[in-house]
Each structure stands twice: as C-alpha cells, then as structure tokens.
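Chains A and B, in that order, give the protein sequences.
Here the first sequence stands for residues 0 to 212, where the numbers follow numbering that gives the first Met the number 0.
Here the second sequence stands for residues 0 to 723, where the numbers follow numbering that gives the first Met the number 0.
Rather than coming from a laboratory, the hints here were simulated on the basis of the structure.
Nothing here was measured: the structure is a model prediction, and the numbers come from that model.
Treat the hints with caution; some may be incorrect.
[To be verified] Taking lysine-lysine and the DSSO-like style, the derived pairs with C-alpha atoms no more than 30 Å apart in a straight line are:
1) Lys644(B) to Lys105(A)
2) Lys87(A) to Lys405(B)
3) Lys87(A) to Lys460(B)
4) Lys105(A) to Lys405(B)
5) Lys460(B) to Lys480(B)
6) Lys88(A) to Lys719(B)
7) Lys386(B) to Lys113(A)
8) Lys118(A) to Lys460(B)
9) Lys386(B) to Lys55(A)
10) Lys434(B) to Lys113(A)
[Said to hold, decoys possible] Cβ-to-Cβ under 10 Å is the rule here; a few derived chain A residues that face chain B:
11) Asp7
12) Glu8
13) Ile10
14) Phe91
15) Val94
16) Arg103
17) Lys118
18) Val120
19) Arg123
20) Arg130
C-beta atoms are modelled at their ideal positions from N, C-alpha and C, and glycine is treated no differently.
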Amino acid sequence: MTKNSKKDEDIIRESVEYNGDYEPLDKDRLVLFAVNYLESKQIEPTFDKIVAATFKLFPKKFSLIGFPEYPDGRTIYYCVYNHCTLDKKWLFGNVQSAFKVTERGKYFLDETRKMLEGKIVSTRTHLTNPRRKETTFISILKKTNAYKKYLLGEKELIDKSDLLEALRVPSNSKGLLQANLTKYLEYAQRINESSIIKFLEFARNKLGGENNA
Amino acid sequence: MPEEYKTEKGEIHEKFWERTVREAFKNDPFRIIIELIKNAADSYTRLEKKGSAKSPFEIIVKFHCRKKNPPSIEVLDNAEGMDSKKLKEALKYGTQTSTGEDTGAITSAEKGIGLKDAMMALEGNWLTTINNGLLNERNKHLNFDTGIGRENVAITDEERKKLGITNNGTLVIGNLPDYFHERKFATICDRLIQHFLIRKLLQNTKFKIFAVDGDTQEKVLLRHTAPKIEKQLLNETFDVDYNRKKYQIQLQINKSVDVLPQGKPFGESGLLFFYGDYSVVDFTLCHFERDIAYSKCFGEVKMETETIIRDPTEAPLVDEKRRGLDPEHPFNRRLFEEINYRLKEIGEKEEASKYSFDDSTKKEILRELNKIYKEIKGTGLHEPPIKPVTFAFYPVYISMKEYEPKIVSLIINSSIVSGDFEIFLESTNIDITIKRPKSIKIEEKPTENFIIKQIELYSEKAGARGEIVATRFPYHLDTEKMGVEVIENPIFSPANGFAFVPDKTAIVDGGEKKVDLCIDRMAIDELRKIELVSSDLINSPGEWLLPEKEEDLQKHMLKNVVKVGIPIKVKGTDHVGEKGNVKASYGERGSNLNVTVVSEPSISGLFRDIRPSGKKTEKICEFLKEEAVLEVYYKHPLIKKYMVKNFNNRLDFQTFIADTLTREVLRAFVTSAVDESSSRFPIFNMDHPESEIEDHIAHEYYENGPKMHEMFIQLARTFKLGKE
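One chain only, chain A, in its complex shape (with noise of 0.2 Å):
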C-alpha cells in the first residue's frame, strides 16, 4: 500500500505542464480534467494529489500569488469540493473519502478535452489570478473614475483629489500617499498588471509635480 502511494506521488511528480492553450478555460473544468488524469492513471483521486496533480498540469492557472513555484491549495478545494462536487454535481465525495467523477461529470470532462484541444472555444473569459487581496484591491482602482479618465485617454481632466480617492488617501492624511503608491505598485507587479503600473507612475509624477509646485 505505502509503494503503491509512493508510486503515485511519483507519477504526479513526474507530470509535466498541459501543452495546450488552459489558461482561457475556468478553474472547475481543470480540476475535472485532473481528477480523471488520476483516474486514467490509476491513481485514487484523494484531496491532496488533485492539488499536487492540477498544480503541475496548470500551473499557471493554480500557483499562488507571487509564489508560482507553489500551488494555491485553498481554489482548488474550493473547485474540487464547492464548485464541481456540491454545486456542479461533476464529481461525486469529500475530502475524507476522496473523489469520482460522475456520469454527469464525464459529459463535461468530454467537453472540457475538446476545449482543451481547441475543438470547441468558450466565449467566456475566466480569471487566472484568485481572488486575493492583491486581485481585489487591483479590481477597486481600475473602477475609479481616475483610471477611467486615465484609460480614456483623458489625462488633462484627472485633478489631485481623483487620485488621492483612488489611492484610497485621506484629504486630510497625506503621509498615506507613498506607502498606498508603494503598495498598489508591488500588487500591481505581483498579478502582473501592466497598465496599472503605467497609471500608478502616472499618479506619482502628478502628485509628486503638484506638491512641489
């Protein structure tokens, strides 16, 4: 019994990243495609080779957050149990008993290959990074009249207190602005969001011009 599980990790160690355009398709359906690569495997899909399993095919898609060597076990027990157990009915158990996909799920799993190969394309788009705070906070300022103006190309019409609302900087607590700068900055780079990075540059000059003005 002990080789035999060994022998598992072993295979799932020796799994190598998914060759193939994954990172369009949502989280669940990789996670399906993982626990039947289990099964075709023969290996018993138990909670903690689905995670060791998704995270080396789908890395991209499951690391965590500015750590992309290891991988976010927390959405793929959300995946594995709420989503594709409870919710979607694709896979049948619980984190005790391990996991199965079900007759339903094979309909999904099938789907999913053929998305994988590119036979079918889904026209939704999915997120690859979780929901984190970094994700959550980057979300907020790209939902600010300032980054709209900024994106719109509309530049001369951002004054300083649209910046400072989207720094989340107290009128009256202006010390904040550089670390709240600093910290946009490095979550912006972490998720590897570009025209953040370009618009948090752009808040830098203009604040740090109008206060040395």
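Once you have looked at the hints, place chain B on chain A.
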C-alpha cells in the same frame, strides 16, 4: 325717493352707452349688482389701505322681489362716502379716476364699466352718499345727464338711521332692468354666489356681503365655496415677457371630484383670472374652453399686472364690453399661450391616466414581447456561449423534470454548412422524446458564423436517463451527444397527498399571482371544498370548490395529481420584505404556503411599457423608442369608432387593437433589429433599405403575427376606464 332739483348735461352721446355698456349688461345683467358691490368693496379697501378701517367690511344688498317685474335693489356700504366734488368726478364720463382695489391705479373710465354705468342700468336710480356729515344725492339719466338732488346738506341722525349709514357711506337704489329675468330672492342669491366676477370677493373673509329679502327681511351671507378637490394638478409661478418686462403669473390648477359646469358666468370649470385680492377679469380655460376633457379642471391665475393697468398709454387688458381678457392684446396672447401649453400637458397626462390596461397582463405581455424580440433578432452581434469547430450541444448535460419540456441548443459552425447539410437528432431512450425538431436542415448558406438551433425535449418518466445524439449526414458521420436525466417533478408527490408546490413563493409588492395547490387524486373523496385562510398581508379566496363531475376534475389532472391554481394578491403596496402565509385545508389534510413580498423586477428589453394616451395624432399607436414605450392613442377616430358600450368585450374592438399593436410591434422589432445590425435581417441596398424592411415586417407578420394577436387580444380585453 329723493327729488331732482337740477340736471347736469352728460358728456357722451347715449348711443355710446347703448352700443357698449348696455349690451354687456344685457348679456349678463348680474353685472349691474356686482359693479355696485365691487364699488363698495373698493371703497372699503381704500379705507383699509389708509388705515382708517378694519375688517370685516359689511355690504348689504337688499332685493324687493316682485312676481311680474324685475326686483328693485339697494346696495349699501359704510365705507368712504363721497363729497360733491368726488361724486361729480365719479359720475362724469371720461374723467380719470382711481378704480378697483388698486388705489394707485389711475385709469380712464373709458376703459371699463363702473358705478355710473351700473346706475344708468337701473331705472329710477338714486345714489345717496354721506361724507363728513354732508349728504349728497345724484342720479344718472340714460342720456348721460346727471340729476342732482340735495347737495352738501347736513345729515340728521334720523336720516342716518333711515338710510342705515352710521358715519360715511353710500346707498344706491333703483329697479333692475327688464332684461334681468330672475324674480325669486333665493335664485338671485344662488346666481350671485356662482358668478365668476364676484367669486374672489365672496371667498375673501374680510368682506361680509349680505343679501336681504326686502319683504321677509331674510338675511343671507353670500359665500362662494370652491369645488371639492381630488388633487392639485399644477401650482406654478412663471413670468410672461412683455415690452421687455417680466410679469409674474401664479397659476394653480386643480382637479375636482365631480364634473363641473362649464362656461361664463356661472360655470365652475375654468380658470379665474384676477389681480389684487379679488379683482376678477376673466374666467376661461383659454383654448380648452368647454372641452369636456377639462370639465374637472378649475383654478386661478393671479396676475401681477398692475403696472400695465396703471399705464395710461397701454390698451386695456379687458375687452371693451368687459366680457373678459381681450384675446388680441399682445400680453394676453402670451399669457394664453403659456397657459394653453400647461393645460395641454395636463390634459395629456390626465387623459393617459383615464384609461389603463390590466397591470399584470401588461407585464406578462411585455416580458413575452421582449423574449420574442430576442428570438427574432437572433444572436445578432452577441456571441454564442461556445464556438465549436463543427457542432456541439449547449449545455452538454441537463436534468429535466418529468412532464415539463426543456429547451437545449445545438450550436453549428457555419463553415461546415453546405447545400444539402442536415443533422439528424435521436434519443437513446424512448422515454425521452425530442419534440421539435427531429432534424435540422440548413438549405442556404448562413450569413452568421454560428447558428443556434433550439431543441425541445420532453419526458414523462422520472429516473429515465439517456442521450440525445446529433449526427451529420450525408457525407460525414460526425456525432455529438448530450446527456439527459429526468428527475421527479415535485408536483406529483405532494406532502401528505395535499400540498402547495412549492411550499414557498415570492410575490411582487402590490401584485398578484397564482400558486399551485396539488392534490393526489387518491386523496379526493366526496368533499369538494378546500378552505383557505391567509394572513393579513395576503388576499386569497376564502374557499375553493373542486369540480363536482369526474370529467371536469380530469381537466385539472396531470398524472396522478389534481393541480389547482389559487390566486393570491398582496394587500396594497409598500410591503417589500414582509412575509405572510396562506393555509389550505381539505378535510383533515392541510398545507401552508409561505409568501415573501419582493420588489418588482424591472422590465428590460425593447419594450418597457404599453400605455394608453389621449394625444391626438394621425397614428393609432406608436412605439417611442427612446422611452421604450408603446403608446395607444385612444382618441384616434378609428379607435373611437369601436369604443362603444362594453367595447372591451367586443371582438371587433379586440381584433382591431390586436392587429394594430401587432403591426406596430413587428415594425419596431424589425427596425430596431436592423439598427442593431442583426444578421437576421440582411439588407441588400443599405442606402435605401425601406422596401426591404417592409418585406421583413410582412414576413414577420406571417411568422409571429398570430401569436401576438392572441396576446394583444388578451390585453385589449383589459382596456378599461380607470378611476374616472
């Protein structure tokens, strides 16, 4: 009766009086009395402005009524009185004198009818006035001559008592002319109360105007009561620009509870034009005078126009015969324009609210219309959820309830479509049927990249599982499949054989709906009565009777269950978030339905409302794209033609409305879809698409017309007069 000692020659030929003033009085003889009353009131107002008197101010009008002849009158006040000099001025023609309540206003007597004219209208008239202890008596002859009685005579207490003038004051007496037709005291009082010229004065609490029956000494306080208001329609202050000055106008318009009599001088439906506190100059609804649609409209127009009245170079605002505001005067023209505009808006709004469609039927239809539009328009610019290289089902697996049809889609990539392209559909389980279509044939090369075909599935067997397989013929044998499972429909297993399914529901605030009460046939015995009790929030019938005959009961049956739709309704509005319940019991069995009141979901899509409108247009109905509203113009002669007794139950009315709406809706569908570049409606000649659009509309009329007719016939049945 005073005695005339000498006569002063009049300044104007009597023909002038006959041509203007007499004619005005003839049309409205109550003016004679009103002029005398107003003259007294103005005198009190001048005293008050000087600070020499305080309200209430009493004016006595005594009538001596006779059966065969017009009554004689006495109009008495205890106001300023006049000395001989002022009296001479007041009775002279063409002299400038202060008139009305506006003491600052100096205007020529030529501009209106005044004291002397009223006196001339009275046969045997005499004016007796006391000022500073001196008495003067005058009369006016029909040829404008002034008869002079006693002049500047010291008054005795006895005479004061006899005249009823304690200090200063005036008494005018005389017989009303033969064109004054009223003979009864009560009728005269009623008429006076209703007369528009005195209405503001009678509403003014400063004045107490009494009518006294000279024979019985009955004393009646004259008061005008405004009609009962249902709602205020407008209360607005605006300016009228005239001669580079702005004149403020306060306009108040109300809607009465009852229909009001129209027209001058006794009507109540109209606008009272006045200045100062009580100086009425007209009573009219401008352009809408005597329009039945405005028969509940009444109100006031307070005009801050004293400067125009004071200006001696200005033409009078009131016409020569004092019938009302001179419509030719440029100021009045502008004023009427402003008021007409506001009345028109009010009229349209009120007319629109006069008729209505049943709200829930309308909303159901709007949702259905928007759904049809979506189907007609097709995907247009929108993308299908998936883009297969060949074809694929979407979704790839479904759970469906027994006895309930379910729609799935087959998405086909147009690149694989050739001349004899066909996809056959089959089910691997005979208990799961494909209702439509059995095969998909596409004969013409589609213009869009992907085609979405809807497939309707049906099953009556819970637990059945199977696949729907799509196979492309003839040269390929590609297959695509989707999984289907049939699950139990909860309506067939009501708890305890008698239950609301589902046992909780949401209902729109102020709305109504039907809820399903399911009864196992085996549970039904001879008892036919279902008792219903609802909480305070909800209205439901108290009981529901099942059909007596088995064949009638069968009509409500589905499989083993009798399904009854129980109507429930929220009592009133503003209950969002509140919860209630309905309890049903049948013999010993019972079921409880939990009801939550929710806010109304907004209707989105091409159509958001269908509303009747009182606008007079050439069209019978029109889709207003910007408002997303379909308006039905019920004043159009072709609709009016059908709007006879019980019209909403008449097939000719229903058919006419249904057909008209169907055509307009389909026109809106096609033109909007073309605007949105829907590939469903290809246009060959983009520069002149009109005829092609007409062709598309005709095509849609044959395709979707019958379905829409049915919907709009339902709607037409609910077209009714509102609260009016």
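Hints, verified against the model:
1. Restraint check for Lys644(B) and Lys105(A): the C-alpha separation of about 65 Å exceeds 30 Å, so the hint is violated.
2. The hinted pair formed by Lys87(A) and Lys405(B) meets the criterion: a straight-line CA distance of about 19 Å does not exceed 30 Å.
3. Taking the CA atoms of Lys87(A) and Lys460(B), the gap is about 23 Å. The hint holds against a cut of 30 Å.
4. Simply put, Lys105(A) and Lys405(B) have alpha-carbon atoms about 21 Å apart, close enough for the 30 Å limit, and the pair holds.
5. Among the hinted pairs, Lys460(B) with Lys480(B) is consistent with the structure: their alpha-carbon atoms are about 20 Å apart, no more than 30 Å.
6. The straight-line distance between the Cα atoms of Lys88(A) and Lys719(B) is roughly 51 Å, outside the 30 Å bound, and the hint therefore fails.
7. For the hint pairing Lys386(B) with Lys113(A), the CA-to-CA distance comes to about 11 Å; that is within 30 Å, so the pair holds.
8. Distance check on the hinted pair: Lys118(A) and Lys460(B) sit about 34 Å apart at the alpha-carbon level, beyond 30 Å; violated.
9. For a cut-off of 30 Å, the pair hint linking Lys386(B) to Lys55(A) stands: about 28 Å separates their Cα positions.
10. A hinted pair counts as satisfied when its Cα atoms are at most 30 Å apart, and Lys434(B) with Lys113(A) qualifies at roughly 28 Å.
11. Interface restraint check for Asp7(A): the shortest CB-CB distance to chain B comes to about 30 Å, outside 10 Å, so the restraint is violated.
12. Because the closest C-beta pair between Glu8(A) and chain B is about 33 Å apart, greater than 10 Å, the hint is violated.
13. Annotation: interface hint on Ile10(A) violated; nearest CB of chain B at approximately 29 Å, more than 10 Å.
14. The closest approach between the C-beta of Phe91(A) and any C-beta of chain B is roughly 14 Å, which is over the 10 Å cut-off, so the hint fails.
15. With its C-beta approaching chain B no nearer than about 25 Å, Val94(A) sits outside the 10 Å limit, and its interface hint is violated.
16. The beta carbon of Arg103(A) is positioned within 10 Å of a beta carbon in chain B (closest approach about 5 Å), and the interface hint is therefore held.
17. With 10 Å as the threshold, the beta carbon of Lys118(A) comes within range of chain B, its nearest partner Cβ sitting at about 5 Å, so the hint holds.
18. Taking 10 Å as the C-beta cut-off, the interface hint given for Val120(A) holds, the closest approach to chain B being about 4 Å.
19. With 10 Å as the threshold, the beta carbon of Arg123(A) comes within range of chain B, its nearest partner Cβ sitting at about 7 Å, so the hint holds.
20. Because the closest C-beta pair between Arg130(A) and chain B is about 23 Å apart, greater than 10 Å, the hint is violated.
Violation of the numbered hints given earlier is confined to hints 1, 6, 8, 11, 12, 13, 14, 15, 20; the remaining hints are satisfied by the structure.
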